[in-house]
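Kindly generate the complete structure, drawing on both the sequences and the hints.
Quick note, the sequences are listed as chains A and B, same order.
First residue of the first sequence? That's 0 in numbering that gives the first Met the number 0, and the numbers climb one at a time after it.
First residue of the second sequence? That's 0 in numbering that gives the first Met the number 0, and the numbers climb one at a time after it.
If several chains are the same, the list does not tell them apart, and a pair holds so long as it fits within one copy or across any two.
Once the Cα atoms are required to be at most 27 Å apart in a straight line, the calculated DSSO-like pairs of lysine-lysine come out as:
1) 123 - 93
2) 168 - 123
3) 15 - 2
4) 123 - 1
5) 149 - 15
6) 168 - 2
Keep in mind that the hints were calculated from the coordinates and are not lab data.
There are 2 protein chains.
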Amino acid sequence: MKKQRIRTEQRETFEKRFWIKFINSISGYKPAFLVGTTDTSGNTNLAIISSVFHLGATPPLLGFVVRPHSTKSPRHSLENIQASHCYTLNHINKEIFPQAHQTSARYPRETSEFSAVGLTAEYKDGFAAPYVEESPIQIGLQLREVLPIKWNNTQIVIGEIQDCYLNEKAIMPDGYIDLVEAGSLAISGLDSYHEPQRLARLAYAKPQQATRPIPLQGEASAK
Amino acid sequence: MKKQRIRTEQRETFEKRFWIKFINSISGYKPAFLVGTTDTSGNTNLAIISSVFHLGATPPLLGFVVRPHSTKSPRHSLENIQASHCYTLNHINKEIFPQAHQTSARYPRETSEFSAVGLTAEYKDGFAAPYVEESPIQIGLQLREVLPIKWNNTQIVIGEIQDCYLNEKAIMPDGYIDLVEAGSLAISGLDSYHEPQRLARLAYAKPQQATRPIPLQGEASAK
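Following this line, the structure appears as structure tokens:
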């Protein structure tokens, strides 16, 4: 397949918005999340993010990236997280992705994106940050660290998972969560929403043996 | 929807492998990449990773996570990156995902995963690390930093994109890369491979206006 070469050295020859969209999509598929927080007065904030990544299972840590001059919503989220030390991460499904995307609009600080876009703040089990009731997989986290990245003044927010809420039908006997069953979406670039379909689960790889698929509960319906 | 609560406090009640698979999948969909490197003698190494994330567009930075006691392949990759200061990240498509998964087997250090799994090392434009010829989107990076994470001894590898190679048909007029057109896959958990289908691209969100979809080139065939 003939491929075009695009060089960073020549990035000045591209329009700025072209370059931002190009680089934002070259990192591949990203998970679709809403981060839920409250400020010290109890006002709720909700922001869409696509930079969540797995950092480890023991302890269970997730990271996400906050840009220095990104849309104001994630900045408000970060200020709330630094004040309250807790936040929620909520998977986005097909039913709520337009509302989730709408949280990226520049609402004033005193406006709750929950009511502005029509999603429901859910408080439970004594956790101080609001979950998104409509979300299929909800995660409550405690802040561990905000790590500065010197190369571009972004920050990586690291949190430890305290609670997870999801439909038990989505949890396979081996612990794997079937995200197709849960209905979670994937994002690419700044604005593209995708529904993944499973090709296969593959067995733990060994040197002298070709990779083989693992039979999945409900695989016939997922594929 | 009735949801089950899973608490980190009670993680001792789960089998260790159950917990690892559960937490590895709760972070949502991840991009599917092969990292290509060489050691100081020119021996090639190839490893599958699913932790790549976008850190910024200007300069164009990508991060990925290396665990302290993960499969040996990513450790060999990290040693090579620290010695050579360069590496490639290569998108994985439907045609090569079984071979890509197979790179996670514990091959001896002197074995090249390229030949062990049947993928082709491609050198071009003077870049010292090998690309995967069969990959639809190839990225060449210079190492900027290896950032230690104190909470679990993982490390975040930060690199700056130097070169991108892809079919120009996948580049939309606004700079967005159509990953469906490119054929890139998404991973969930440790072993599940997915082919995403586009639901919609949504316009830049504004406070007083409901979110609307952007018409896409080729959307009829993608949807």
